[in-house]
Structure formats: structure tokens, C-alpha cells
Amino acid sequence: MSETEEDRGSRIENKSSAIFDLQPSLTWPILLVVFLALSVAAQNWMDSRRRAPLPVEETLYISSGEALKRASLGFDGLMADIYWIRTLLYFGGEFERQRDANQYFDVSRLKLLEPLLDITVELDPKLIAAYRFGAVFLPDIDADTAVRFVERGIRNNPDEWRLYQDLGFVLWRRNRFREAADAYARGSGLQGAPAWMRTMPALMLAKGGERETARAMFLRLHEESDDPFIKQVCEEQLILLQEQKQRPNPQS
Amino acid sequence: MKIIPIALNTFRESARDRTLYNLALLAILMIVASVVMGRIAAGQETKIIIDLGLSAMTVFGVLIAILLGIGLVSKEIENGAIANILSKPVRRSEFILGKYFGLCLTLFASVAAPAAAIALALIYAQDGVAASQLRLWPAVWLIFLELAVITAVALLFSCFSSPAMSAMGALLIFLIGRWSPDLKLLAETSSSAVAQAVSRALYHLLPNLANFNYVNETARGEAAPWRMVAENTAYAVFYIAAMLAAAVLIFNRRDFK
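Heads up: the protein sequence lines correspond to chains A and B, in order.
Letter 143 of the first sequence, counting from 1, is numbered 143 in our numbering, and no numbers are missing.
Letter 12 of the second sequence, counting from 1, is numbered 12 in our numbering, and no numbers are missing.
Treat the hints with caution; some may be incorrect.
[Claimed, not checked] Take a look, some chain A residues computed to stay more than 12 Å from chain B by CB distance:
hint	residue
1	A101
2	K111
3	F137
4	R155
5	R176
6	G192
7	P194
8	A202
9	I239
10	Q246
[Said to hold, decoys possible] Facing chain B, according to a computed beta carbon distance under 8 Å, are these residues of chain A, among others:
hint	residue
11	P29
12	L32
13	F35
14	L36
15	L38
16	Q43
17	W45
18	Y104
19	V107
20	S108
Think of the hints as simulated: they come from the structure by calculation, not from any bench.
Glycine is no exception: its CB is placed at the ideal position from the N, C-alpha and C atoms.
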């Protein structure tokens, strides 16, 4: 159907009156940039006013790893990754929060750490990093839970010598030197275990409570770990031990 | 201005869509279920009704926004009606804006119905009307704003992509938009300068839908502060305007011959 004179006239009139069509090639890009800039400014304004959030405690909505595993529809590996990241974000967030409040970092206040780690390894029982993380930080919350957690890791990954090292470490921190020696002895026979693992049982039994043993323990852990949080803890402990060594003994 | 007739026509068209009724019905069923679940969770009835009700409203609202939003333009292109519409004295910008506001009307109705159902559920659970029930409405308004933003994004996709790709794109934007605070956190904590720059750019370019989520606070008994609602309304208006400008820009360059 051809366009009538009236339609054409109406279109010309509309075009001439519309502010949007004064420069059709430029108007909409300019509007796009202007409104996007305004939305960025509005977001920044809201962010700047949102600096001090209400201290709402984090909540774990689904506390059963088994339930999550079923709900993940076979994507349990991906779900485990998500929970592992959430664990690290929770840990890092709490670390930052306590540091901002000029507090000494107190791991025992991280009530969600254990359930988060528990869910993570329930979803992926082979996630060694999670067990190793738990071995270092869970003892500050509950030592027996930490031992059970690492033992669970060993049951799920019996060939992973690092977990025996971690179990030995947790037990050593509880002054359970004989059990620690046993853990090191079991781990030292596994494929890939370094030579120093074989010296640990004797060290545990002979000098379990000595400062030099502590130094060796943290040094080994620092060398073997890829986790920045674990490395940081080891470095702090090594500095502390060095300071104690340099301090004059009041009894001498 | 042909925007209003196009908007009203779009509203009438989408109101005839059976998807809308099915999803709205599902949302209302969820709200009824929340009353039952609230009875089971002793002492937490109000919290569960608001939590489940507003969450169901959001999820089904997002589905409505995406499913109807992606078809706004692409359907007209596929059935050839676009050439007929544009042969009339209707500017392309008016067509896009009319379509968008028409769907917003539909969304408003699809939010208002479940919101009324939640209000009734609260009246039933609390044995009468209470002032605390008013805190529901700012949260409902924020949900409507979120849906309006998603519709604008879906409409933008609809201008240059197939319906399936548009749906996927809009859904992804919704998910990333909900995780927007994590993008900001990544930008602030990453040790890589590239990751920081990319995260910051994405944080500002993609809609921050977490702004509009006040469900948890409302369920806990906090009313959204009016200032926060006003700021979020301004943010939504700016972002929607930017998306519509981009949609018109793309639509103006398309050839339908």
C-alpha cells in the first residue's frame, strides 16, 4: 500500500517536532552515555553511603552437605567450588573486619568455618585444600573437631601424605605427641612423601614439646602449603618463636 | 506522541498471554504454601510468609519479565508486523518506548496481585491489620524496579538477537546483577590490576540488582528507609533510560525490508 500525502505530512511534522530526532545519529548515543554515567554516579553515591553495614551475622541457609549434593543435580564439583570460595570469602571477610576493628584475629569467633568446610568436603571429598585449611584453623575453634575433620580427609584420600602431615600437626598442637608420631609414621611410607617425614616420629617422641620442634613444624607446613592464609599463619608463628628464642631466659 | 497507545496495546496483548497467568498463579500458590509452612515453623510465621512470598514474587516476576520482554520486538519482526507498524507515522523510538512501558504496566499488575496475596496472608497470620504490615510495600516497589530493569535489558537483547539468545542473555545479566557486590569485592581485593579493572567496569556497566533486594531485611522486620528507596528509584530510572537509549540506537539502525 502506498503512503498517502496525509501520512507523509504527519511524519514530517512529527520529525520536525520531536526533540529525539533533531540529530538522530547523535541523540541516542548521547542519551546512552549520559544515563549510563548518571547510573554509575547514583551507584557510587549509594556505595559511599553504605560504608558501615549493619553487623548482620552470616547465615548458612542449607547446613546439610548431603541435601546440597542432591539439589546440585550432579554439579557437586561445581557446588563444592562455590562453597570453597564462600569459605575463603567468609574467612577473609572476618579477617578484614576484625583487623579494621583493631582486634587480634580470633579464629574461634568464626562460627561458620566448620560447617562451611564440612559442606565443602561433603560435596567434594577429594578437595585436599579444604582439609588442609581445616587442619590449620579448626584447632582454634575445637581441636577434637579438627582431628576428626583431618581423619575424615585421610579416610577419603588414604594416599595423600600431606593429610598425615596435617594430622600430625593437629595432634602435636594438642600435645598428643605419641599419636602425632604415629600419624607421621603412617604418612612417611606413602608414595611422594619427603624424606623429612621419616624423621618426624622420632622428633615427636623425643622433643615434641620443644621450641625447635615447633619451628620445624611451622617451617615444613610453610614450605608444603600453597594457601596464602596458611603461609601467613606459619610466618607469624615463626617470627613469634624467633622472638621467644632471642628473649633472655629469666631462670638463667 | 504514539507511546501511550502502543503501551496500552502492548499491555492488552501481554495480558492475553497465558504464560503470565500461569506464572502469577504459581506465585500466588507459593504464597498460600508459605502460610502453611509458617504454621509449621513456630513463631516464625510472618518471617516465612514475607521471605517466601517476596522471593516467589521476584523469581516469577523475573520469568515474566524475561519471557515477555524478549518477545516484545523479536515477535513483531518474526511475524512481519514490524514493517506494517513502521510504515505508519510512528517513530522507531516511540515504538520501543511504547512497547517497554506497556510491559511495565503488565509487570506492575503481575507484582500487585501477589503483593495483595501476601498482604492478605499477613492479615490472616496476624489475626488482623497491623502497622508493621506496611513495611511490605517498599520491598514490593523495589522488586518492581528490579523487574523493570530486567525488562529493559531483555528489550535491548530483543532488538538484535533471537528470542532464545535474548532469554539466555537476560537471565545471565540477572544472575550477575544479583552477584554484583561480589564483583565490587573482587575489584577491591584482587591483586591483579587487569582483574580489578574488568571487575570494576562490569560492576558499573551491568545492573546492580542487589540494590533492589530488601527481602531479608523486610522479613526480619526492618522497613526500607525512604531515602534508600528514593536512591534506588533514581538509579533504576537512569539505568533503564540508558538501556532504552541503547535499544533505540540499535533498533534505528536495523533494516526490516
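Evaluation of the provided hints:
1. Here A:A101 stays apart from chain B, with its beta-carbon at least about 18 Å from theirs, past the 12 Å limit.
2. Its beta-carbon lying about 19 Å from the closest one in chain B, A:K111 satisfies the requirement of being farther than 12 Å from that chain.
3. Taking the minimum C-beta to C-beta distance to chain B, about 19 Å, the non-interface status of A:F137 holds against the 12 Å cut.
4. Chain B leaves A:R155 outside its interface by the beta-carbon criterion, the shortest separation being 34 Å against a cut-off of 12 Å.
5. Non-interface status of A:R176 relative to chain B is upheld: no Cβ of that chain comes within 12 Å, the nearest being about 37 Å off.
6. No Cβ of chain B approaches the Cβ of A:G192 within 12 Å, the least distance being about 30 Å, so the stated non-interface status holds.
7. Every Cβ of chain B is farther than 12 Å from the Cβ of A:P194; the closest lies at roughly 29 Å, confirming the non-interface assignment.
8. Interface exclusion of A:A202 from chain B stands, the closest Cβ pair being 41 Å apart, more than 12 Å.
9. Its beta-carbon lying about 23 Å from the closest one in chain B, A:I239 satisfies the requirement of being farther than 12 Å from that chain.
10. Under the 12 Å C-beta cut-off, the non-interface status given to A:Q246 relative to chain B holds; the minimum distance is some 33 Å.
11. Hint status for A:P29: holds, given a least beta-carbon distance of 6 Å to chain B, under 8 Å.
12. A least Cβ separation of about 4 Å between A:L32 and chain B falls short of the 8 Å threshold, and the interface hint therefore holds.
13. With its C-beta approaching chain B no nearer than about 4 Å, A:F35 sits inside the 8 Å limit, and its interface hint holds.
14. Proximity of A:L36 to chain B holds as hinted, the smallest CB-CB distance being about 4 Å (cut-off 8 Å).
15. Annotation: A:L38 was flagged as interfacial toward chain B, and the flag holds, the nearest CB pair being 4 Å apart, inside 8 Å.
16. This hint holds: A:Q43 has a C-beta 6 Å from the nearest C-beta of chain B, less than the 8 Å allowed.
17. For the restraint placing A:W45 at the interface with chain B, the shortest Cβ-Cβ distance is roughly 7 Å, inside the 8 Å limit, so the hint holds.
18. With a least beta-carbon distance of about 22 Å to chain B, the hint placing A:Y104 at the interface is violated under the 8 Å criterion.
19. Hint status for A:V107 relative to chain B: violated, with the closest Cβ pair at about 20 Å, above 8 Å.
20. Given the 8 Å rule on beta carbons, the hint for A:S108 is violated: about 24 Å separates it from the nearest Cβ of chain B.
Checked against the numbered hints above, the structure breaks hints 18, 19, 20 and satisfies the rest.
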